[in-house]
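A.B. asks: Listed below, chain by chain, are the residues.
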Amino acid sequence: MNLASAFKLSLYSVTALAGWILGAAEEGWIPYGSLLAVLVGYIWSEAETDDNHSRGMSDLLASFLGFVALCASTAEFFSENVEGRLLSGTHLVVYLTWIVLLQRKTNRRYWLLMALSILQIAVGAVLIGGLTTAWFGAAAVVYVFGAVWTLSVFTLYRSAAEFSPTTTMIAGTANPAESAAFGTVQNESGAAWITTPFVSGVAFTSASGLFISALFFLLIPRVWIPTSGALASDDVPSAIRSPHSAFATEVRLGDIGSILESLDPVLQLQLHTPDHQPLSPQVYAEQLGYAEPLFRGTALSIYEEARWKIDPHGVRPTKLIPYSPGTMVRQDIRLEYVGTDALFCLGTPLGIIDHEGKAAGGLQPFTGLITRYPTMSPRGSVRYSVFSENPKPDRPSDGSVRVNSMIRSQSLYLQYVARNKHLPDGLSRLQELARKIVSDHEHNHKLTQLQAAREIEIYLRESGRYSYSLSLAVTDPKIDPVEDFLFNRKQGHCEYFASALVLMLRSIDIPARLVTGFKGGNYDVSTHTLHVQQRHAHAWCEAWIDQGWVTLDATPADERTASVESVLSKRSLWSDMRTQLAGLWADNVVNISLEKQEEVFYRPIREFIASIGRMEVWKSPRAGFVSFLKLLVSPRQWLSPQGAGALFVTIASAWLAVRFLKRFRWSVWRRTPDLTDNHPIVEFYERFVRLMQSLNLQREEAQTQHEFAQVATAVLQPKLELVGLTCGPTEIADLFYQVRFGDRELPADESRRIEEMLNGMEQALNSRGA
Amino acid sequence: MSKVVPATMPRRPRWYSSIPALMVALVLGLGYSRWTVGMTLASRIMFRAVVVLFAVIGVFQIASALSPTRGTLATPGFGKHRMVVPVEGIVYLTIMFALFTGAMLTKSNMLLLVFALMAGPFVINGWMTFGMLQSARVTRTAPPRAMVGELFNVELMLSNSRPLMSIWIMSVRDTIQHAYENLTAVVLFARVAPRSSQVGHYQLKLMRRGRYQLGPLLTYSRFPLGLVERSRLFPLAGEVLIYPRIGRLGAAWRRRWLGATELVARPQPQAGVFHDEFHRLREFRTGDNPRDIHWRTSARRGELILREYQQNRDFNLSIILDLWQPDSARKEESRLIEQALSFAATAIVEHGRGCRDAILTLSASGATTFRWQGQGTSASLESLFDGLAVMNAGPARDTMSLVDDVVYRSSNSTQIVLLTTRSAGDPNPLPIHNPRIDMICLPDIDFERALIFEEPLEPVPDTPTVVSRESQVSLGMET
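Respectively, the protein sequence lines represent chains A and B. This note's numbering puts the first sequence at residues 1 to 770. This note's numbering puts the second sequence at residues 1001 to 1479.
One chain only, chain A, in its complex shape:
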């Protein structure tokens, strides 16, 4: 394959890859159109015509189409919501890519294509969301390899094109009247440009580029630019200020699906009664009014474009200090890091302490989220103890989340409750369905809010119309996913059931919110420990009824349980690996924060530098040197950090010393005169040579002294003639021969005469007037 074909194929492939990545990120069909455009562009516009020019769309047509694309994007911008506005920009980039693909190609347009493909990747990064985006990372790495390869081949292509016969003038055809310089190409491989060393060089460039990219990404401090007001305090974990859900602050419908297939541990729970006896979580859950142990995360109130978000108007968490721990159930919990700063427990917490007995968390009164305090590790697993109510067996709790009367009477809280009644536009069918369900059960009397809510819950859970599934196939992408679930697909997991219930409750004026957390777990009787894994993640609904948040769960419980259990049977090496990768991706890429950087990078670096400062060698060089030698002579210690450091310092010092010695030897060798060339130096001739050198006349290697004298005479004749020394150079050359080769010793008067002659020449040649 020749260079041009290789370059064009690479460029079109990279463009197609960018289109595919954008399409997968957007989950729309428009970016996938780039694949077709790439195919057409490559076959049509890159095909050479008879006159050796490429075909393509004319500039006028391209401008017109560009205008049309701009109009289409503008219309999309003004007709859609926030996401639609972003998509309008995305689509504009895609349309422009199509147009450039079909245009007649120049180097600039090739580069434009490359720039547009980079923009597609960037837009794809914006569009993609959630934790399950590891594929994007893999695709981006592949894209980097492809892009570096394409740009490198492009550089070759342009360089070769500058020297190609079509753009150059052959020496014989140049205008004979004008001076001309004719450049050439020196290629050790003949006409071949893409060679094995080139391919390996590009691979090295890509790999090292990715390494630097990783450093950039991990080390750039996440000091986000505040979008409003002054810098917010970064010392307090962000979860304290803005509560997170169990999964994220924003949940897109379907995101939970992959979590439901993960076996990653989330928490371990041991329950103790007030008299320190082990308590079964299932029993305690039933006492609390739940069918299974329910670990509450946060409540999401705002629904926009298939995304649930938290209500932004929160208040500061209240401190949870156990006032009478001896009368409460104690929950000892070990929580793994699950991408959130929330703490989980069964029921409503009345106090939380860490292993040192200090207060460990606070309760967000609006959402009921428990957030950890800065004293606890923001990352990694944490241990804490929660004290919760001990319901009497004869008076079990109804499972509702109680809100303090002081809080619920606040206007802020009333506003919060009112916001949980908001129903987005475009859900008319859902509204109709909710009202129909309620009206079908209102035979003679009006249902209470709780009854109405229960009827809808039962409709979704037990009517048999809807089944539990982890499949996320969309039947009608034009309508809201919840309506798609309710009327078309009729299959979904807990997120869909919960979302449908929340929205249907809002349709009949009942404030409701979506709650995320975990439900169930594996109880180990021998250790009295409940093990909760990611597959136990769950979403349910809370409705504001009778001054409390009533827990409603529309998900078919049996089907869900079967699905959760089936995850264990479907476990494979690939799924484990995928889960691990997704976890790594989520922890280290999507959710990386300044706190984590501080913990993983900055602090260790600071400590390392500080440890260098504390090294013994600064206090006592001798003792330090001795310990250094000890490290070197004991191979067992080479694997320790200190030993590895000492070994590295030794090897680096040896390498530097060798390098220095080599340079030193070279410079000394260069300065040493060649002793084998033991010629006597004829002083007057040396002076003559120096004089000539000052006038930019240098004797060439193939030139004899006599020939050099003739050249000097010819060049300097006008000046020498003025002082009557035209024959001076020749005479000096003659005398040089006599002295150098004839071993003649010049008499004093002749030496003097030559000195005078050289003086005269010097004067004449250096004088400005001459």
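The set of hints was computed from the structure by calculation and includes no laboratory data. A portion of the hints provided could be inaccurate.
Derived PhoX-like pairs (lysine-lysine); straight-line CA-CA distance at most 25 Å [stated by the list, open to error]:
#	chain 1	residue 1	chain 2	residue 2
1	A	Lys596	A	Lys309
2	A	Lys421	A	Lys309
3	B	Lys1107	A	Lys596
4	B	Lys1107	A	Lys309
5	A	Lys596	A	Lys358
Ranges of calculated distance between the beta carbons of each label pair, as one might list FRET restraints [what the hints assert, rightly or not]:
#	chain 1	residue 1	chain 2	residue 2	range
6	A	Thr106	B	Gly1126	48 to 56 Å
7	A	Glu700	B	Arg1353	22 to 30 Å
8	A	Asn488	B	Gly1126	49 to 57 Å
Example chain A residues on the side facing chain B (calculated, C-beta under 7 Å, incomplete) [said to hold, decoys possible]:
#	residue
9	Val40
10	Ala115
11	Ala181
12	Phe182
13	Ile212
14	Asn588
15	Gln710
Don't be surprised by glycine CBs; every beta carbon is placed ideally from N, CA and C.
Put chain B on the given structure of chain A with help from the hints.
C.D. replies: Relative to chain A, chain B alone:
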């Protein structure tokens, strides 16, 4: 052709230019613990970054100022490096900047990831280009002399001193400067393997007589990504001396030249035009001319001995070149000067070729005076051509004194030719009355018949103006 920065050396920074940066770093560093009280972690990190930035700038400046050679202490060879960001690089950087700003504003790690994926290859690109230039060494081998219109090669050798990294797609640009024109030539080296050299060449066809200065050499590359063009200057000077054009004399002029020999006053030996010098005595053979018998020797030896003569055309030639030109020379007059120099050089070359032992003399008068004497050997002619290469036309005030001097010095066997750029009808003609002098007025002769070139002699521009030309590229290749 890509844009290349001018070949000028950078100004060396002064040591005191580092004071402001160091002072700011010092003040901020001393006040760190006091001023960062109550600051957030992010603010403290930014504060530290600013302190480090100022300190690095200060140290770099002071290191550059104190280094014994320009910039070698801080960044070896940095002072000779140049960087140009082409449009592609600007677009790339703009996208990077937009992504970074967007990521910081929207708190998007994913956007920051794309930024990092762009930044990594960009940094590697800069490091590779800088490394390639650091390890590159260029030398030039150019012929010291050439003739006007002669196509010749200049060799450039690019060496790579690095043990592991190849040099890729590196162009070497040479500058060729003359008083009246500037040219550039580019040689592209596709690859130079580690610890090896490659020799490339460019071709020159120079149409002006005189000295052409070569250099400096500029190596530059955009490899691998084409986003940044870095260059390094090698102040490697060279020179090519361009001789006047040498052709061959036309048939008529050749005859005139030979005919002129008959007019030279010289003793004629006995045996006619071509048997003019006694060579040796030998025995008589049948068919020999009896008139050549040397009777005295024959009598002494008792056999017929013949006098043998040898043909000898060697006669000395002395050319006086009158390079007269008015103050405001026109195109035609400038052309006459070149014609005169070519004519004189050709005449001497041809005469030297025919008469190897003849003494050849050239005296030229123009802006300055030039005298040369030698024989037709190449070493001897070289000095003549060197002189003619740099000879300039002018008022030629010394012409008459040169004529007198040549006539006085030369023997009767020397043919004297006066070659002048003045017309015979010139208002101030040269007062030449000596019949020994063959005066040739160039404006009055048909020069195209007098001197024949392989390629027609093209006129030089009327007024000498500095012309700059980029190199054309030849020897195309498959891509």
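A.B. asks: Now tell me, hint by hint, if it's right for this structure.
C.D. replies: Hint-by-hint comparison with the structure:
A hinted pair counts as satisfied when its Cα atoms are at most 25 Å apart, and Lys596 of chain A with Lys309 of chain A qualifies at roughly 24 Å. As the CA atoms of Lys421 of chain A and Lys309 of chain A are separated by approximately 14 Å, the hinted pair is consistent with the 25 Å bound. Distance hint between Lys1107 of chain B and Lys596 of chain A is fulfilled; the C-alpha atoms sit about 15 Å from each other, no more than 25 Å. With a C-alpha separation of about 16 Å, the suggested pair Lys1107 of chain B and Lys309 of chain A falls inside the 25 Å cut-off, and the hint holds.
Taking the CA atoms of Lys596 of chain A and Lys358 of chain A, the gap is near 23 Å; set against the 25 Å cutoff, the hint holds. One distance hint, 48 to 56 Å for the beta-carbon pair Thr106 of chain A and Gly1126 of chain B, is violated here, with the actual separation near 26 Å. Distance hint check: the CB atoms of Glu700 of chain A and Arg1353 of chain B are about 25 Å apart, consistent with the given range 22 to 30 Å. Against the hinted window of 49 to 57 Å, the Cβ-Cβ separation of Asn488 of chain A and Gly1126 of chain B comes to about 54 Å, which satisfies the hint.
Hint on Val40 of chain A is violated. Least Cβ distance to chain B is approximately 25 Å, over the 7 Å limit. Checking Ala115 of chain A against chain B: minimum C-beta separation of about 5 Å stays under 7 Å; hint holds. Below 7 Å, beta-carbon pairs count as interface contacts, and Ala181 of chain A has one with chain B at about 4 Å; its hint therefore holds. A distance limit of 7 Å between C-beta atoms decides the matter here; for Phe182 of chain A the minimum to chain B is near 4 Å, and the interface restraint holds.
Proximity of Ile212 of chain A to chain B holds as hinted, the smallest CB-CB distance being about 4 Å (cut-off 7 Å). Contact between Asn588 of chain A and chain B, as hinted, is not supported at the beta carbon level, the nearest pair being about 10 Å apart and thus beyond 7 Å. For Gln710 of chain A, the suggested interface contact is upheld, since its CB lies about 4 Å from the closest CB of chain B, less than 7 Å.
The structure does not agree with the numbered hints 6, 9 and 14 stated previously, though it agrees with the rest.
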